[in-house]
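**Q** Residue numbers (numbering that gives the first Met the number 0), protein chains in the order written: chain A, 0 to 343; chain B, 0 to 343; chain C, 0 to 343; chain D, 0 to 343.
Quick caveat, the hints were computed from the structure, so don't treat them as lab data.
Any given hint could turn out to be false.
Lysine to aspartate or glutamate pairs mimicking EDC-like chemistry, simulated, CA-CA at most 20 Å apart [unchecked claim]:
1) Lys202(D) to Glu42(B)
2) Lys202(A) to Glu42(C)
3) Lys137(A) to Asp117(A)
4) Lys202(B) to Glu42(D)
5) Lys202(C) to Asp140(A)
Label pairs and their computed distance ranges (CB to CB) [to be verified]:
6) Asp26(A) to Glu62(D): 38 to 46 Å
7) Glu250(B) to Ser54(A): 57 to 65 Å
8) Ala266(D) to Glu42(C): 56 to 64 Å
9) Arg299(B) to Thr333(D): 51 to 59 Å
10) Asn1(B) to Glu250(A): 42 to 50 Å
11) Ala135(D) to Ile77(A): 53 to 61 Å
12) Ala57(A) to Lys163(D): 33 to 41 Å
13) Arg337(C) to Asn52(A): 30 to 38 Å
All C-beta atoms, glycine included, are put in the ideal place defined by N, C-alpha and C.
Protein chains: 4
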Amino acid sequence: MNVGIVGSTGYGGVELHRLLSNHPSIDTCILYSSTLNGNSYVEQYPHLIGLSNESVRAIELDEMKQLDAVFLAVPAGISKEMTAKLLGGKAKIIDLSGDLRLQDPKEYEEWYKGGAADLSVLGKAVYGLTECNQGAIKEADLIANPGCFPTATLLALAPLVQQKLLHPDSLIIDAKTGLSGAGRKPSLSSHFSETQENLRIYKVHEHQHTPEIEQQLKRWNPESTPVTFTTHLIPMTRGIMTTIYGELVNEQTTEELNELYQTFYSASPFVRIRPTGQYPSTKEVFGTNFCDIAIKVDCRTGRVTIVSVIDNLIKGAAGQAVQNMNLMFGLEETTGLRFYPIYP
Amino acid sequence: MNVGIVGSTGYGGVELHRLLSNHPSIDTCILYSSTLNGNSYVEQYPHLIGLSNESVRAIELDEMKQLDAVFLAVPAGISKEMTAKLLGGKAKIIDLSGDLRLQDPKEYEEWYKGGAADLSVLGKAVYGLTECNQGAIKEADLIANPGCFPTATLLALAPLVQQKLLHPDSLIIDAKTGLSGAGRKPSLSSHFSETQENLRIYKVHEHQHTPEIEQQLKRWNPESTPVTFTTHLIPMTRGIMTTIYGELVNEQTTEELNELYQTFYSASPFVRIRPTGQYPSTKEVFGTNFCDIAIKVDCRTGRVTIVSVIDNLIKGAAGQAVQNMNLMFGLEETTGLRFYPIYP
Amino acid sequence: MNVGIVGSTGYGGVELHRLLSNHPSIDTCILYSSTLNGNSYVEQYPHLIGLSNESVRAIELDEMKQLDAVFLAVPAGISKEMTAKLLGGKAKIIDLSGDLRLQDPKEYEEWYKGGAADLSVLGKAVYGLTECNQGAIKEADLIANPGCFPTATLLALAPLVQQKLLHPDSLIIDAKTGLSGAGRKPSLSSHFSETQENLRIYKVHEHQHTPEIEQQLKRWNPESTPVTFTTHLIPMTRGIMTTIYGELVNEQTTEELNELYQTFYSASPFVRIRPTGQYPSTKEVFGTNFCDIAIKVDCRTGRVTIVSVIDNLIKGAAGQAVQNMNLMFGLEETTGLRFYPIYP
Amino acid sequence: MNVGIVGSTGYGGVELHRLLSNHPSIDTCILYSSTLNGNSYVEQYPHLIGLSNESVRAIELDEMKQLDAVFLAVPAGISKEMTAKLLGGKAKIIDLSGDLRLQDPKEYEEWYKGGAADLSVLGKAVYGLTECNQGAIKEADLIANPGCFPTATLLALAPLVQQKLLHPDSLIIDAKTGLSGAGRKPSLSSHFSETQENLRIYKVHEHQHTPEIEQQLKRWNPESTPVTFTTHLIPMTRGIMTTIYGELVNEQTTEELNELYQTFYSASPFVRIRPTGQYPSTKEVFGTNFCDIAIKVDCRTGRVTIVSVIDNLIKGAAGQAVQNMNLMFGLEETTGLRFYPIYP
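Pulled out of the complex, with its shape left as it was, chain A reads as follows:
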């Protein structure tokens, strides 16, 4: 297979490059960038010396259409335009931006503060939460790859929400992320001296991943209502943890719910349910495509606390994109993604 990465110089792009360069079914992987074309990739990423001799190329739509697959790791706003132009070519498209995730253009406009993609494009986009949408992904030509927070949140909630075990209006998601989620562009909020030995909350109730979470919850349970969603910046590079609170409809034990999760994800090689009483930490999935989950009932309040962790650049971006590519091309889901966590 011949594939291309657009937006190859960001953190999502370089992680895609790493995964695809080591993927057994990929013959060539072309790197595109709108700003740095002509530059050698190693100049952008010196850690690749000896591993990459590619140059970054200018966007070439006609060339890209002839590839087998194109990964769009460009900012929201740009992606929808590029997708519109690429559709109809040979290449299957996996879009890592937020542009194609919301089916309702009004939601997009409200949360992304810009014009939504055309309905014709949106209509072709399949939401790529791999574990929960395998059938559609296998048939898709266009994937809207999920956001990092929605991935961690939705995998944590799927069993309970699909089975309607939570009061729909009770969901609170307290999300925490490392800094790499903010990308490679320097800014005061990602400046080392402002970030190290610091813990911040940001975009309180205003994060653009909120409607993405709510849209999927509604597909699982039409009675779903808005969630409370907050995001925090942790002084580390990689990793997301979501701590999710909800009210149980019926009294249930931690053990029962643990078993429910074990069963629900028994065929999902990248979801690991922790034994009762054990909780995952972000470092335990560092460098992998895993999503680790734990559940604990709070008997005193009738609530349940669900904890999930992912590596935001892998399961939260590039890894899930490759996982989706695998399904789209009839490959084993885990191809090229069987990593052990780097520990410590």
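Given chain A's structure and the hints, the job is docking chains B, C and D onto it.
**A** Just chains B, C and D now, with coordinates in the frame of chain A:
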């Protein structure tokens, strides 16, 4: 004034030493330790070379009783015994452990897994949440200095709970702390390589600060019910953030609540309410006795999110202890505590 | 005293603001900035909420000339021009940039890649390495405040070089710094995700602090020759360590050299010589104006290794500037600077 | 191949487990531990849930002798005894401790403060600095795997020392390491709150890796004399950088030396020489078996500065051990070790 610190070699103890050594009303500050007596303090803490020439002394109850004040920075379990022996002497006692915070011995036994202090001792203990209990603290001979999490949580909740603006059964507290809260004793969970670039959740629904929070909420609103409380370890040394979620009884705006908080804390020099739309970060109170708070209404869900940050070793321990001492001895509340944050 | 800070919005500026706001001899401290005038200072630095209500003012040379002292915390290149205009006014000037440190304009041009200050200005500038130049500093109207690396290096070398105990051509300085030395302006090299869990070397043999070190060594020993100087970026915010290697002229023991250092710095309240066998770490001077030093003879090679640590923003910048101000105005050297390290 | 890891629960052990579990020529990998036998490995390392179902076994010498290879990742002192007992069996032995690296028992006794291995054992041990000793390694039954600091130091020095381009008595090695080098056993010096935002120097002139470096230098140039070697602890988990200073015998340019290094290592897939003017950082080799090197001549002093970086747990321990195993069993050197750095 002549004061003593018992348990002087822990992080709470060394922070007390720093504050009291620079306090204008303190003449001598004696350092006690049950394990390291005879050692020079600088040997334990080389950063004090040239600043301290004290030796750490063995516990001497009779000597300690003659001091003006004794700070107990010893582990729960030990503190209650020492307090019992010191009571009745000249010295006023400020206990930084959890031993005297819970008035109900059964609660203590359940959450601390050990025998509670005598009721006669508990009966004399005044809860030292300074901003909210000034009258009693001024008269007290024995202070139960609040835990770090309860301090950040209760200051964030006081205005809303006292005015009964939240549904009593809706409170969820997602707390995050730096590693210094775990003390100076090495363990795998505070080992650098296990902790750096890592985010962990621990003691889910089981943290011993839970009943301390609930007890105070009940004093403010007798209809209070159990809260959901979770704690997370952040890869940083100092700092606590609590993100608190609750349901509003009535529809209210962020601006109204902000004003309520401004008014409530208008006479509290160490509580800083952030302007609407701005959120505090832990580094912004690093090295100070401040508690910074922000409030935001989530109009879509009818909930409010409250964020508070403190330096866990200062407002969460040693600083609040000195603040209480100031009140107990008729000093200005801020004496010896007027620090600017160290930034960056 | 009334003082002003130019370049108040950088890290050097905000640290000066903290020190001067708490200095007992300072009545008013005016904040100037060329870019942000009119803005409230708290907007730049939210951690100062409740502590500062100043607005940042535009540069006003005539006003500044009437102050008692002006601190220039502006970039090299700008400082020399401003100094030229301010000279002759009432205000004594303390320049924290590199513009006035090198007496030889050719050196400046070579290392700073720009035109040097006028000789008339340079002629008035006194090098403010406080411990080693007290007489001249007390008489000065214009101080060239030393660089962070030269401060740590020169204090570590002064006793040995002044007494000609090292082969002049044998000096190698391996310097390490935290990220705050790079200032507040975001860039890829100070971007959190590029910096955390990373160790870099930079400006190998090319750092502009090299000639500043060599100039002072030559004053102490005219036979001094160029040194080898390298600098490394450590994933922490504050702190500098220099590890310095030199060949002893005569065989000497660690104990002898330790005593020499103790004697040399016996009247220097901010230099702490560590006992034989103990080495300082950067955290042990965090938040202070201390420079801690240790010496160890390498008997097998005839070399000596000298280690020094400072807080780069205090003894390496703002603290030493205030220390110099104290001397210039006949105050006790330690006024407003008696801090305990924040530990841990 | 069937292999075993003794000391499997330390950081060296778990990294060996990761590499060997993913090695295409390994059928089974048995985990041994003297203290934790019977425990499941996942209990020690929860990040391996779903990836490992092994139990840790008690040491079984007879069983181990029948394996193809045994990796000893046990502390110095224990290793030499175990090796003596295993020799003569079928299993080839790769010892990661310091016990077999020093051929002179007196050196061992002086630096390791304990009795050396028997000369009969030492006589069979081949020093496993893979790039520089391939012939002997291929024939060896017993490998003394190099220390982390010697690996980074010797690869950086080999071209210059073998060609006698440096004054033998001029070598100074300023080494810096992340905390994982200290192992998994908790101690105050690896306690997060003592380590974060801190930079320390330790074992000045006394590190036990000193004679290992000197022994190899002497093999390359018999005129070699003692080096000055210091080690620093960097607040990060993985990574070593050595900054090495030496005096050039002849005047040479950076470009000439760069070419010499390129040529010297042209057949070494894991050594990457950086282009002139570019320096490697530790993060650029994170998670790989690479050693990246840069050289810069200091024209003003006649010295050269050489910089090398490795991942201390891979090229500095487990990775090099597997690289040696590959050679010993006639496999391609890079088998199972072709990793891209995890970046950022």
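**Q** Determine which of the earlier numbered hints do not hold for this structure and return their numbers in increasing order.
**A** 3, 5, 10, 12, 13
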